[in-house]
Amino acid sequence: MANATIHKQRPKYLSLQAILFEIRLPLAGWVSILHRVSGVLLFFSGIWLLFLLDRSLSAEAGFRAIQHYLSFTLVKLSLLVLVWAYCHHFCAGIRFLLLDLHKGVDKVSARRSGIVVLVASLLLTAFFGAKLW
Amino acid sequence: MVNRVVVGAHYGLRDWLAQRITGLIMALYSVVLAVVLLTGQPISYAVWSDLFAQGWMRVATLLFAASLAWHAWVGVRDILMDYVKPTGLRLSLQVLVLLVIAGYVGWAIQILWR
Chain A
1 MANATIHKQR PKYLSLQAIL FEIRLPLAGW VSILHRVSGV LLFFSGIWLL FLLDRSLSAE
61 AGFRAIQHYL SFTLVKLSLL VLVWAYCHHF CAGIRFLLLD LHKGVDKVSA RRSGIVVLVA
121 SLLLTAFFGA KLW
Chain B
1 MVNRVVVGAH YGLRDWLAQR ITGLIMALYS VVLAVVLLTG QPISYAVWSD LFAQGWMRVA
61 TLLFAASLAW HAWVGVRDIL MDYVKPTGLR LSLQVLVLLV IAGYVGWAIQ ILWR
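Just so you know, the protein sequences line up as chains A and B, in that order.
Numbering of the first sequence is given in the working numbering, commencing with residue 1 and proceeding in unit increments.
Numbering of the second sequence is given in the working numbering, commencing with residue 1 and proceeding in unit increments.
Here chain A stands alone, though its shape is the one from the complex:
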């Protein structure tokens, strides 16, 4: 029985190191995982966004306070991250809806639409970021 206990050196998949440096995620995989990340980000920021909406609609003074609050660079940057999350979630979501309808499922067009999603969400973020600044 001794021979049966010989252990092979099996590779350990999905260590953090492997995820970050060894596994090359295809483009569609990036769109997908970023869809998740942006969704979670938006879920957790709900409380902050509701706070902004609440104060800004409470009264003239509250609106001004929020305007002042939004003039801080760190606040602007945080909001910009959420703007990106929203835009990415929006664009990737539309892509997934089209995939559900069997539109663009072949390799070439799926890759192309993935690029479109990544680029379009960054462009939209830049547009709204310019409005913010």
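In case anyone wonders, no lab produced these hints; they're calculated from the structure.
Backbone N, C-alpha and C define an ideal beta-carbon position, used for all residues, glycine too.
Mixed in with the good hints, there may be bad ones.
As the list claims (entries may be wrong) - Covered stretches of chain B, going by a simulated chain A footprint (3 or more residues, C-beta under 8 Å):
no. : stretch
1   : 22-32
2   : 45-58
3   : 74-85
Knowing the structure of chain A, use the given hints to seat chain B on it.
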């Protein structure tokens, strides 16, 4: 032809479909809101509060909030089912998520109809 007997509560398909429909509703709301804000006057308190004082805007925003609640619940639940294996912990987190979402919706209603 194979007659598949579908058993169970069917909530898998229902939630899958609901997540897509609520996503569409929110996408539509986002586009409308963006167009209204970008084509209107520069945003002052008057412009901002007048917008949310209108009936259609309140109802649309409520619809958005309700869609968001369902959409986020399905999404976060899927993520928890994927990554959190211990049943007790997953159930606790899911209850927590439901409470957070309920709180969000309650707060949103309070903001819209104060």
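Going down the list of hints, with the structure as the test:
1. 22-32: That given contact holds, which follows from 4 residues of the stretch 22-32 of chain B lying within Cβ reach (below 8 Å) of chain A.
2. 45-58: Holds, because 4 residues of the stretch 45-58 of chain B bring their Cβ atoms closer than 8 Å to Cβ atoms of chain A.
3. 74-85: Per the Cβ count (3), the hint holds.
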